[in-house]
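Number of protein chains: 4
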Amino acid sequence: MSAPFETRIRDSFARQSMMQTLGATLTGIAEGRVEITAPILEGSRQQQGVAHAGLTFAIGDSAAGYSALTLIPEGMEVMTTEMKINLLAPGAGDTLVARGRVIKPGRRLMVVQSDIFAVTDGAERHIAMMVGTMIPVDL
Amino acid sequence: MSAPFETRIRDSFARQSMMQTLGATLTGIAEGRVEITAPILEGSRQQQGVAHAGLTFAIGDSAAGYSALTLIPEGMEVMTTEMKINLLAPGAGDTLVARGRVIKPGRRLMVVQSDIFAVTDGAERHIAMMVGTMIPVDL
Amino acid sequence: MSAPFETRIRDSFARQSMMQTLGATLTGIAEGRVEITAPILEGSRQQQGVAHAGLTFAIGDSAAGYSALTLIPEGMEVMTTEMKINLLAPGAGDTLVARGRVIKPGRRLMVVQSDIFAVTDGAERHIAMMVGTMIPVDL
Amino acid sequence: MSAPFETRIRDSFARQSMMQTLGATLTGIAEGRVEITAPILEGSRQQQGVAHAGLTFAIGDSAAGYSALTLIPEGMEVMTTEMKINLLAPGAGDTLVARGRVIKPGRRLMVVQSDIFAVTDGAERHIAMMVGTMIPVDL
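Protein sequence lines correspond, in order, to chains A, B, C and D.
Each residue of the first sequence is one higher than the last, beginning at 0 in numbering that gives the first Met the number 0.
Each residue of the second sequence is one higher than the last, beginning at 0 in numbering that gives the first Met the number 0.
Each residue of the third sequence is one higher than the last, beginning at 0 in numbering that gives the first Met the number 0.
Each residue of the fourth sequence is one higher than the last, beginning at 0 in numbering that gives the first Met the number 0.
The set of hints was computed from the structure by calculation and includes no laboratory data.
Where is the CB? At the ideal position from N, CA and C, for every residue including glycine.
Keep in mind that the hints are not guaranteed to be accurate.
To be verified - With a cut-off of at most 16 Å between alpha-carbon atoms, the simulated EDC-like pairs for lysine to aspartate or glutamate come out as follows:
(1) LYS103/C x GLU123/B
(2) LYS103/D x GLU30/D
(3) LYS103/C x GLU30/C
(4) LYS103/D x GLU123/A
(5) LYS103/A x GLU123/D
(6) LYS103/B x GLU123/C
(7) LYS103/B x GLU30/B
(8) LYS103/A x GLU30/A
Stated by the list, open to error - Derived list of chain A stretches under chain B, where covered just means 3 residues or more per stretch with a C-beta under 8 Å from a C-beta of chain B:
(9) 9 to 15
(10) 51 to 64
(11) 75 to 86
Construct the complete structure from the given sequences, taking the supplied hints into account.
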């Protein structure tokens, strides 16, 4: 039996067409934690051939947002109000994995974090860290 | 006659496959300033049907990076080390325009800003502001 | 005759004991804009003798917060929820001037900016840029 | 016997007059980790009587910077280039403790984090999280 928030997140994710464009999939959902994985597609690169920061940001932002969504009442959504990314290493590898989690839940604001890893032959390298704020909004 | 940096930027942009995926084009290049425009494609949306923050970030980051590239010596590239985005309004409209510029040039670090606007029937709305740091690297 | 928000801001500022500790004074109040000036006291320095980033941040944060306060209803306060500072140059000089302004007003969130300048013999140098979010709260 | 970096950090800290003004002391030094503790002095408050964000930022920034300093060669210093603070709860209590650590060391840039806690009767509450970038510079 899935957690009550799981269906909500899978439904919302399915409507994020950007996730399909990037080939991203939901690979983990737990209370306060969501994981999204994406291949580094031919069409997701920057000028040197590694992952564009836009890919890293997009899956990191969605993972963080959905981690917040696991903690808010049904009938509400979350929106990103601000997000900072620190890039730690180039996005070189086969896939990127973004792990979002809630640092500080709140009725008005939720502080969230995403850590993004590049995976090469199963080995993970920490390539980015994001910290931001989500705001609950009525659907 | 184009500025010496214009060819470099057009060549680099053409190698950013993510820009093609998003339908983005270079719509302005001047010393310390670069503009990138992208339609809000069917495949670039979040769950409510407006632009995904990943689109906003991707073109804002590239515009900011290329604005820095206009100011550094040939044979060098720039990389984003950190970037924060404050989202001011939903990305609803026909296209997004990102205008990047250099706030503070430097040999080791360059502080850059991008402002992103959603355009509907020619009217612009300021939807996001980004401030970050670019670092010059050898090609 | 002063603007209706001016008294509120002067009263609130007078209660910020940190501003007195730093020798800071309110040097400008207008709708959506507030300026705070502080000497670089002997006791406000970092290890190399220039202004500590804590001084820069403290007056920049207060200037930004009070610029937001000019736009919200009486009986409410604002609190900083997040703030990023990019340091552009060392804080060397006689005084620092922080100029805060509202980038995006809002009922739930206000995005604000502060620019901080070091002043030496009347000449200003841009030493820091801050962008953050203020949230209105009941007093 | 103290670690080789301990003396360097204690000497540098002693020259940060802002730390004395705020009553801050070094309460922990280890490789890649530094802790700074400060009372919430009468003169370090905002208008509602709790710690001014400037205090939180000042000790968080210094703790993060010194955590980076433990990892760089002698004869060099570090400078903050950017720092974001997310405020999680009001700074109410007797003292603040800032714990800085290095997330990603590097020759050109170091990404650092500080977590700041308010302590009341020995109980800690997480009040702020900071992530930023330090740059090594010659003394």
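**OP:** Assess, step by step, whether the Cα of LYS103/D is no farther than 16 Å from the Cα of GLU30/D, and give holds or violated.
**Re:** With a Cα-Cα distance of about 13 Å, the restraint between LYS103/D and GLU30/D holds, given a limit of 16 Å.
**OP:** Confirm or reject the coverage of the segment 9 to 15 of chain A by chain B under the rule of 3 or more residues with a beta carbon closer than 8 Å to the chain's beta carbons.
**Re:** holds (count 4)
Original post:
Holds or violated: the segment 75 to 86 of chain A covered by chain B, criterion of 3 or more residues with Cβ-Cβ distance under 8 Å?
Top reply: Result for this restraint: holds, n = 10.
Subject >> Given pair status - GLU123/B, LYS103/C, alpha carbons within 16 Å >> reply: Status holds; Cα separation ~15 Å.
Subject >> Holds or violated: LYS103/B to GLU30/B, with C-alpha atoms at most 16 Å apart >> reply: holds, 13 Å
**OP:** Take the segment 51 to 64 of chain A, compare each residue's beta carbon with every beta carbon of chain B, and decide whether three or more fall closer than 8 Å.
**Re:** As far as the segment 51 to 64 of chain A goes, the hint holds, because 9 residues have Cβ atoms under 8 Å from chain B.
**OP:** Could you grab the alpha-carbon distance between LYS103/B and GLU123/C and see if it respects the 16 Å cut-off?
**Re:** holds, 15 Å
Original post:
LYS103/A and GLU123/D: Cα distance at most 16 Å?
Top reply: The hint holds at about 15 Å.
**OP:** Given the hint that LYS103/D pairs with GLU123/A, test it: the Cα-Cα distance must not exceed 16 Å.
**Re:** Given pair LYS103/D, GLU123/A holds - Cα atoms ~15 Å apart, limit 16 Å.
Original post:
Keeping to a limit of 16 Å between CA atoms, is the pair of LYS103/A and GLU30/A held or broken?
Top reply: holds, 13 Å
Original post:
LYS103/C and GLU30/C: Cα distance at most 16 Å?
Top reply: holds, 13 Å
Going down the numbered hints, you'll see the structure goes against none, and every one checks out.
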